[in-house]
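Grab the two chains, each in its own frame, and use the hints to assemble them into the complex.
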Amino acid sequence: MPAVKKRRRSAQAIDMTPYVDVIMLILTFFILTAQFKAELAEDIQVKLPNSGNDTTRLPERNVMTLVINKFGDIFADVDNIKVREDVLGDPIGLAAFHPDSTTQPGWNNPANLNDKGEMKRPIVAFDDREKFKKLLIDFRLSSKSNVGKDLRIVVKGDKEADIGAVQDLMDILKETKNTRFAFVTDLEIDESKENK
Amino acid sequence: MASVEQADGGSEQRGRKKNKWQKRKRLGFHIDMTPYVDVIMLLLTFFIMTSTLNQPQVMQINLPKGDENTTVKVDMGNVVFIRISEKGNIGLSKGKSDGTEEQPIKVNYDQLRQYLEGWGTQNKDMIMILKFHRKAKYDTMISILDEINRAAIEKRYSFSKMEEPDLRVLEAIGG
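Chains W and Y are the protein sequences, given in the same order. For the first sequence, this note's numbering gives the first residue as 1, with consecutive numbering after it. For the second sequence, this note's numbering gives the first residue as 1, with consecutive numbering after it.
Bound conformation, chain Y alone (with noise of 0.2 Å):
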């Protein structure tokens, strides 16, 4: 009897319990997002402004190894000088093979690529030599090598000092 009643009451405990956990279910309940999405707006709003978008790229070089005393020996008729000038203008001229150089042209951005490419394509073996003012700004040479970059051309190139003979003859191209 005893156990009866305990397996009956036992029964009426699941069951009062099972009724209760219905009814908790049941009511259901709201959170007031509001203050949530405003945290999170704030936060968005914060990491929007401090993300820096456009992220600075980087142009590579590589330089010739080796001493300074070593001379690399080259035909005059596969260099094409490019000289750039106090004020920024860009000298361009060819090497002849008996040791001179054709008269400069002077050249925008655009025919210095043009010209490039044309002899490029002409002569494999051609070598650029740069030779950059001491006082000409950054910026126009990292024009002219972006130039040299663009154009479908072998890019072998060198930079080299500025002398005195170079001078004059960016005076014939009008400083």
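Isolated chain W, as found in the complex (with noise of 0.2 Å):
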């Protein structure tokens, strides 16, 4: 009995030191590698096509975000404030196209852009489309005034948005003499799509 005893006094303190070291070595990591998304990213929900091949990532700055979604809309926004305050004239503002005068725009009811059904930015909407090219050359000619650097541009399509609404989108940037951008995707990461 007394042996018992004496083996319970004796509760170890067991030394976390080396335990903390690894779990701020994680932490550090994922503190470094965390990217926050763009407000816009929220603001305006589309499902990306899948595609397999290219390996190039989105650039992270001076980017001209193009976001088509199901309903034909286009809108285009910057990610620098600045650019956004003197283009607009205001910094959260967000620019809204509908190309094709047949159908509604989507954005009228709150509910079709987001799950949250409401908007955190409100949308300067653009009915004529010499103004709509306009905005896209002003927001270059801003960018390279403010930041200094040229934007890069990227179209952001839902994969159910009708190819009528990125042909058009095309042909205004083809006019505003933006020849290079870039369709924004998800990697593919199974081949079911082959047997479609």
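No wet-lab data here; the hints were simulated from the structure. Hints should not be assumed to be uniformly reliable.
[Said to hold, decoys possible] For lysine-lysine, the following DSSO-like pairs were computed, each having C-alpha atoms within a straight-line distance of at most 30 Å:
id: 1; chain 1: W; residue 1: Lys70; chain 2: Y; residue 2: Lys124
id: 2; chain 1: Y; residue 1: Lys106; chain 2: W; residue 2: Lys159
id: 3; chain 1: Y; residue 1: Lys65; chain 2: W; residue 2: Lys159
id: 4; chain 1: Y; residue 1: Lys131; chain 2: W; residue 2: Lys177
id: 5; chain 1: W; residue 1: Lys133; chain 2: Y; residue 2: Lys135
id: 6; chain 1: Y; residue 1: Lys106; chain 2: W; residue 2: Lys177
id: 7; chain 1: W; residue 1: Lys134; chain 2: Y; residue 2: Lys65
id: 8; chain 1: Y; residue 1: Lys94; chain 2: W; residue 2: Lys159
id: 9; chain 1: W; residue 1: Lys47; chain 2: W; residue 2: Lys82
id: 10; chain 1: Y; residue 1: Lys161; chain 2: W; residue 2: Lys47
id: 11; chain 1: Y; residue 1: Lys106; chain 2: Y; residue 2: Lys135
id: 12; chain 1: Y; residue 1: Lys135; chain 2: W; residue 2: Lys47
id: 13; chain 1: Y; residue 1: Lys161; chain 2: W; residue 2: Lys70
id: 14; chain 1: W; residue 1: Lys70; chain 2: Y; residue 2: Lys135
id: 15; chain 1: W; residue 1: Lys134; chain 2: Y; residue 2: Lys135
id: 16; chain 1: W; residue 1: Lys177; chain 2: Y; residue 2: Lys161
id: 17; chain 1: W; residue 1: Lys133; chain 2: Y; residue 2: Lys65
id: 18; chain 1: Y; residue 1: Lys131; chain 2: W; residue 2: Lys174
id: 19; chain 1: Y; residue 1: Lys87; chain 2: W; residue 2: Lys131
id: 20; chain 1: Y; residue 1: Lys65; chain 2: W; residue 2: Lys70
id: 21; chain 1: W; residue 1: Lys174; chain 2: Y; residue 2: Lys135
id: 22; chain 1: W; residue 1: Lys47; chain 2: Y; residue 2: Lys87
id: 23; chain 1: W; residue 1: Lys70; chain 2: Y; residue 2: Lys131
id: 24; chain 1: W; residue 1: Lys177; chain 2: Y; residue 2: Lys73
id: 25; chain 1: W; residue 1: Lys131; chain 2: Y; residue 2: Lys94
id: 26; chain 1: W; residue 1: Lys134; chain 2: Y; residue 2: Lys161
id: 27; chain 1: Y; residue 1: Lys73; chain 2: W; residue 2: Lys70
id: 28; chain 1: Y; residue 1: Lys65; chain 2: W; residue 2: Lys144
id: 29; chain 1: W; residue 1: Lys149; chain 2: Y; residue 2: Lys131
id: 30; chain 1: Y; residue 1: Lys65; chain 2: W; residue 2: Lys177
id: 31; chain 1: Y; residue 1: Lys161; chain 2: W; residue 2: Lys159
id: 32; chain 1: Y; residue 1: Lys155; chain 2: W; residue 2: Lys133
id: 33; chain 1: Y; residue 1: Lys135; chain 2: W; residue 2: Lys116
id: 34; chain 1: Y; residue 1: Lys131; chain 2: W; residue 2: Lys133
id: 35; chain 1: Y; residue 1: Lys106; chain 2: Y; residue 2: Lys155
Put into structure tokens, the structure is as follows:
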């Protein structure tokens, strides 16, 4: 019996130092690699199409994002607040244009744009094609004078969007001399698409 | 005398100090790390949860520069038409040097790549002309561009508007 008592009393304190060291390393890794989603990504929801070949990553800064949702609306946005204030007159404004006059713009109903059904950012609607073209040019000029760098253009289209809207956007880009741009896609993991 | 005493006293003081210091060092103390670890684990969980692992990638597109009015003359023998119908069906047909084109064939994504690879290796000057129906889905467009990118051929393609004759060609393969 005394032997048992003795064992009980010698409760061991585990040295936590190596454990904490490792956890701190992991924590540092996650803090450094963390990238917080841009405001826009939350406001307009799109399902990206998959592609398997390209390995180019999405550029992080000085990006003009052109979002096409499934209603065929085009949203133009830049990541720089100054540029937005300069061109749109609102630091969190979001420019929108609906190229197809035969259909109704989807942004009339905020429930179309995201799950929450409300927009954090006010929409600056453009109803004229020429004005929208001018906006794209203004974005680039303002970026050049404010940031000193040219904007890179990415097109983020919804899977379900009509190609017509994409074609209209490509025409606009071509007319505004923006001949280099990129389509944003998700990396395709399985090959199931091949057997469609 | 006095100086000696002083010296002695000094050494005694130093000695005492040393002893005190040694004693303190020997004391040792334990910090309870548990709350610290708790907070760190919370932070860690937060960053793991919020980090986005699948970062989207981009597909680079270069449109030709130049006016709408500039027309480029190409030999029809080098042209391959890829037409996509409203339903997402792909009609593939090869142009002939006399200005007409061969009978279109209906292909799936895999076959499209194989045909393009076959023709592209035979004819290094092959040009692909993509004609999409306006109501076709953007997903189809990306898939087709992806197949072209994947094929081991020169990526020379252009987008063109779909017109009446194209619709008739597509009807031949079932719309």
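If you check each hint against the structure, which ones fail? 1, 6, 19, 25, 27, 29
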